[in-house]
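**Q** If you're matching them up, the sequences are chains A and B in order. So for the first sequence, the working numbering puts the first residue at 1; every next one is plus one. So for the second sequence, the working numbering puts the first residue at 1; every next one is plus one.
In short, the hints are calculated from the structure, not lab data. These numbers come from a predicted model, not from an experiment. The beta carbon of each residue, even a glycine, is placed where N, CA and C say it ideally should be. Incorrect hints may appear among the rest.
Claimed, not checked - Each computed DSS-like pair below joins lysine-lysine, with the alpha-carbon atoms no more than 25 Å apart:
| # | chain 1 | residue 1 | chain 2 | residue 2 |
| --- | --- | --- | --- | --- |
| 1 | A | Lys76 | B | Lys35 |
| 2 | B | Lys35 | A | Lys80 |
| 3 | B | Lys115 | A | Lys98 |
| 4 | A | Lys80 | A | Lys54 |
| 5 | A | Lys76 | B | Lys115 |
What the hints assert, rightly or not - Beyond 10 Å from chain B on every Cβ pair, some chain A residues (computed):
| # | residue |
| --- | --- |
| 6 | Leu55 |
| 7 | Lys98 |
| 8 | Val124 |
| 9 | Met188 |
| 10 | Glu207 |
| 11 | Arg255 |
| 12 | Glu331 |
| 13 | Met389 |
| 14 | Glu398 |
| 15 | Glu402 |
| 16 | Lys407 |
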Amino acid sequence: MIKALWKKRVSRYELNIAGDNERWFTDEMWFQLQTLDRVYGQVEFNQYGQPVMKLAIPFYEGESKKAIGVVVQLQKIIGKISSMRQDHSSYIYLIDDKDRVIAHQDYSKLWQKQTSGSEDELGVTAEIEDLNWVLVMEQPKTTAFAPINRMLQSGIGAVALMILTVSLISVWAGLYFTKPIVSIDREMNNLKQGRKIKPVKMKRTDELGKLADSFNDMSKELLEKSRLLEQEKERLDVVVNGIGAGLALVTKEYRITWMNPILKGWLKEDRLTLPCYAVIGGENAPCLNCPITCPDLDKIADEVMKFKDGANGERIFRHRVFPLNHAIDEEGEFLVVLEDITEQKQLEETMIQTDKLSALGIMASSFAHEVNNPLATINVYAEDLIDRMQADDEDLDEDEMEHYLRKIKENTERCKRITGNLLNFSRKNDWTEDQIRVKEIIENSVSLVEHQLKKQRIQLELHVEEGLPAVNGDGLKLMQVIVNLINNAVDAMESEGRLVVSASERNGDVVSIKVTDSGHGIPAEAMDKLFDPFFTTKPVGKGTGLGLSVCYGIIQQFGGSITIDSKPSEGTTVEIQLPAERLLKAGLDVAQGPIEKDRSIGSHLQARESVVNSENNYERSAQEIMEVGYDVSNKIVSR
Amino acid sequence: MLFLESGGDEPVEIGVLMIGENRYEKFTGLEAGLKDLGYTDNEVHFTVKNAHDDEVLIEKQIDELLEDEPNLIVTLGGIETQRLKAKMDERNIEIPVVFAGLAAPKELGLIKDYKSPGGLFTGINNYHASISGKRLEMLTSLVPAIERVHVIYDSKIDVSKLSLEETRKAAKDLGVAISPCDASSKECLDTLWKTVDDGEAILILPSFRIESLTAEIVKLTEEKKVAAMGLYDFEAKKGLLASYGSSFYSQGYQASRFVSLILQGNKPGELPVELPDGIRFVVNQQTKDSLGVAINQDLLHIAELIHPEVQGGRKR
Chain A
1 MIKALWKKRV SRYELNIAGD NERWFTDEMW FQLQTLDRVY GQVEFNQYGQ PVMKLAIPFY
61 EGESKKAIGV VVQLQKIIGK ISSMRQDHSS YIYLIDDKDR VIAHQDYSKL WQKQTSGSED
121 ELGVTAEIED LNWVLVMEQP KTTAFAPINR MLQSGIGAVA LMILTVSLIS VWAGLYFTKP
181 IVSIDREMNN LKQGRKIKPV KMKRTDELGK LADSFNDMSK ELLEKSRLLE QEKERLDVVV
241 NGIGAGLALV TKEYRITWMN PILKGWLKED RLTLPCYAVI GGENAPCLNC PITCPDLDKI
301 ADEVMKFKDG ANGERIFRHR VFPLNHAIDE EGEFLVVLED ITEQKQLEET MIQTDKLSAL
361 GIMASSFAHE VNNPLATINV YAEDLIDRMQ ADDEDLDEDE MEHYLRKIKE NTERCKRITG
421 NLLNFSRKND WTEDQIRVKE IIENSVSLVE HQLKKQRIQL ELHVEEGLPA VNGDGLKLMQ
481 VIVNLINNAV DAMESEGRLV VSASERNGDV VSIKVTDSGH GIPAEAMDKL FDPFFTTKPV
541 GKGTGLGLSV CYGIIQQFGG SITIDSKPSE GTTVEIQLPA ERLLKAGLDV AQGPIEKDRS
601 IGSHLQARES VVNSENNYER SAQEIMEVGY DVSNKIVSR
Chain B
1 MLFLESGGDE PVEIGVLMIG ENRYEKFTGL EAGLKDLGYT DNEVHFTVKN AHDDEVLIEK
61 QIDELLEDEP NLIVTLGGIE TQRLKAKMDE RNIEIPVVFA GLAAPKELGL IKDYKSPGGL
121 FTGINNYHAS ISGKRLEMLT SLVPAIERVH VIYDSKIDVS KLSLEETRKA AKDLGVAISP
181 CDASSKECLD TLWKTVDDGE AILILPSFRI ESLTAEIVKL TEEKKVAAMG LYDFEAKKGL
241 LASYGSSFYS QGYQASRFVS LILQGNKPGE LPVELPDGIR FVVNQQTKDS LGVAINQDLL
301 HIAELIHPEV QGGRKR
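Input sequences plus hints: build the corresponding full structure.
**A** Next comes the structure, spelled out in structure tokens:
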């Protein structure tokens with residue numbers, strides 16, 4: 001063991017006087033001092049408890065080796081390291097070359113052997129050269145990674161928040177976009193099902209807002225139109241049910257798809273399986289001129305039908321068919337309208353009869369006179385014969401007696417003819433379709449008014465063409481017309497006029513009958529009303545006002561036309577045009593010459609001019625029309 | 001006991017006890033130290049009790065401070081610490097205490113042992129008692145011509161008496177004649193005014209009462225043109241020739257380490273009491289020049305000179 005010798009001592013706390021047994025160098029340091037140029041001692045405590053460390057540096061003074069040593073106070077450095085404020089559970093410590101902790105925040109760890117940092121800790125080290133001390137800074141991983149964990153957690157939180165936010169935005173956006181659509185859809189369904197709807201309220205100016213506005217406008221308009229439609233339908237229902245006509249919809253296959261209640265009541269048959277012509281007309285085939293059969297006609301079919309109606313007897317219906325331009329599929333393209341014209345027909349008949357009776361009344365005195373003359377003749381011949389037979393006149397031979405009896409017979413026949421005509425004229429009859437000879441009818445008519453003409457000294461001219469074609473219709477009705485016209489002419493002339501009755505063929509298919517007088521004519525203001533029932537210009541008690549109206553009706557039934565041409569103060573011409581029956585033309589009696597009776601008794605003419613055409617075109621017979629496809633709308637055919 | 005845990009929004013409450021204004025430097029040092037260690041103003045709040053050298057007042061202030069129950073108390077000197085300990089023992093209060101520099105804590109019964117103080121007290125032994133002998137050596141070495149040293153002590157202060165003992169021992173070892181003077185009696189300074197002569201010097205021992213007499217002592221040394229050695233740099237600054245000891249500021253600064261260690265969970269009883277990190281040897285250039293005595297140049301080399309601007313005796 002080597003003992004160092006003290007040369008000098010300087011102390012901070014002590015007197016600079018060395019103690020007797022003071023030994024500064026440790027053995028180890030002394031040993032190291034031989035080879036090293038710097039020697040550190042171990043960290044130790046001085047007598048005051050301060051951590052200190054010895055440091056010695058050798059030097060040579062001449063040949064002798066000496067050393068200077070200092071005791072380094074470590075209190076400050078260790079204290080500073082230990083007491084440094086540390087955050088987050090981190091700590092700094094210093095270990096010496098013997099791995100002893102010489103500075104530590106936790107004083108309980110001081111001077112203990114420090115094993116290398118555990119796996120749960122994160123640390124950095126800094127080695128202090130020469131001394132082989134290591135400064136360590138450690139932190140538990142849980143603390144070290146806490147910010148990262150926190151960051152991760154907050155990251156996950158942020159992601160979750162973002163997802164939530166995005167979800168909420170999505171939900172919001174979804175609701176934002178779907179809610180208006182849903183409410184529009186709901187209101188649409190309400191609208192569809194006819195429920196009450198509310199306007200879709202949306203305070204938005206985007207497309208959806210515009211859509212909602214459009215929907216509101218549309219639904220409002222739709223409701224308005226629906227309401228109008230309802231009103232229209234109600235009106236239509238009232239009309240359809242209250243019109244008094246039977247209505248039916250018919251398809252191209254003649255199948256009835258719908259009937260109104262009136263028609264159902266009339267038909268007592270609401271089966272829709274039968275074709276219309278069977279159900280309505282009771283026919284086995286479609287009606288003639290039915291627009292269903294003849295679509296090219298483009299006109300309304302008009303036909304009068306009669307059918308038995310049980311206890312009420314026979315009823316007369318007008319049957320018309322209208323094609324529909326906007327038909328509903330399977331609902332029928334044609335509207336059939338049936339009108340009950342039974343009463344109308346009966347009225348017409350009554351009118352005709354009334355007119356006839358009126359004419360008879362006018363002609364009554366004439367008839368009496370007409371019958372009286374032959375009766376007087378018969379009386380004279382019969383009395384004379386009786387007288388001569390009582391006187392046993394020898395001159396009364398067989399020839400003379402035959403002459404007397406023949407005269408009586410002639411006059412009797414004449415009476416019979418007169419009364420027959422009268423009877424015939426006055427008979428109430430239904431329309432009797434026949435082939436009539438116009439000449440005969442004219443003659444019979446004239447015979448009824450002959451006395452009247454004579455009485456009023458009217459000159460009658462009769463011009464009937466030879467070989468006139470026959471006319472289809474009721475001869476008696478035609479006679480009524482002619483008698484009416486002659487009566488009107490006689491009334492217009494009052495006395496001493498000229499009456500011309502003529503008949504001729506026009507274009508081979510029309511027979512024209514004209515009655516011309518030289519009377520006072522018809523005032524212009526009366527022309528429009530001539531055919532109106534009960535319109536008359538005659539003095540009270542002289543006319544019923546039915547004459548021309550009845551004539552018009554009859555000529556209509558013939559399918560002909562009637563024209564009145566009047567010149568005030570000059571006279572009036574009435575022309576009747578009737579469809580000729582060509583087939584019978586050959587079979588007619590053409591041998592008869594024109595009846596010409598010039599019985600000019602006087603004339604009284606009034607000048608006034610006016611032309612009235614009740615019908616511009618004459619009508620044609622049914623058969624002819626069928627052949628050429630002419631309009632049949634005003635043709636009335638009785639069954 | 002961990003005061004600075006994360007999540008604690010409330011600052012740590014630190015009570016500070018000081019007997020007089022001149023120890024305020026310690027508090028300044030304490031604040032600076034804590035700041036350097038990483039503490040912010042928001043983390044630490046001080047309640048400073050200054051007794052203004054009033055021994056009665058300090059008792060009252062200790063009561064108030066204990067009422068407040070701070071997390072930790074820093075005492076800035078021996079008397080404060082002794083009084084506090086008495087009160088705490090009496091009331092059985094347990095608050096960690098850091099003494100920011102006092103002389104001979106073990107001898108005063110504040111700690112059991114320097115290395116393991118035990119109990120609630122720890123801090124800095126400023127060594128001003130033990131170093132008294134060394135200071136006598138420094139004084140006599142600096143001015144080799146000194147024949148006698150008047151030692152001013154305070155018989156009412158334990159530390160002061162201990163220091164006198166140390167001084168006596170050293171005087172014996174160094175062969176220096178000393179004359180103790182008890183500052184607690186009014187006659188002390190009067191006697192000195194009468195007796196101090198050339199070739200004599202004055203050595204000041206620790207006592208807050210003597211600290212408060214500094215100005216008068218400075219006046220005496222200037223008049224009598226005698227060398228004087230104080231403990232603190234402020235004494236040299238005021239006009240004594242030199243001072244040798246730990247400064248108030250550095251004691252406070254050093255005490256901040258204890259505060260930090262306790263705040264971070266260490267028990268005061270486990271923290272070894274430290275000696276001052278540094279001893280300042282301060283020489284007043286002005287005084288040295290005005291004394292006109294021979295100075296040991298070797299020692300002057302290691303001294304901190306103050307008032308260098310008046311070097312060469314331009315003033316006085």
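**Q** Sort out which numbered hints this structure fails and list those numbers smallest first.
**A** As far as the earlier hints go, not one is violated by this structure.
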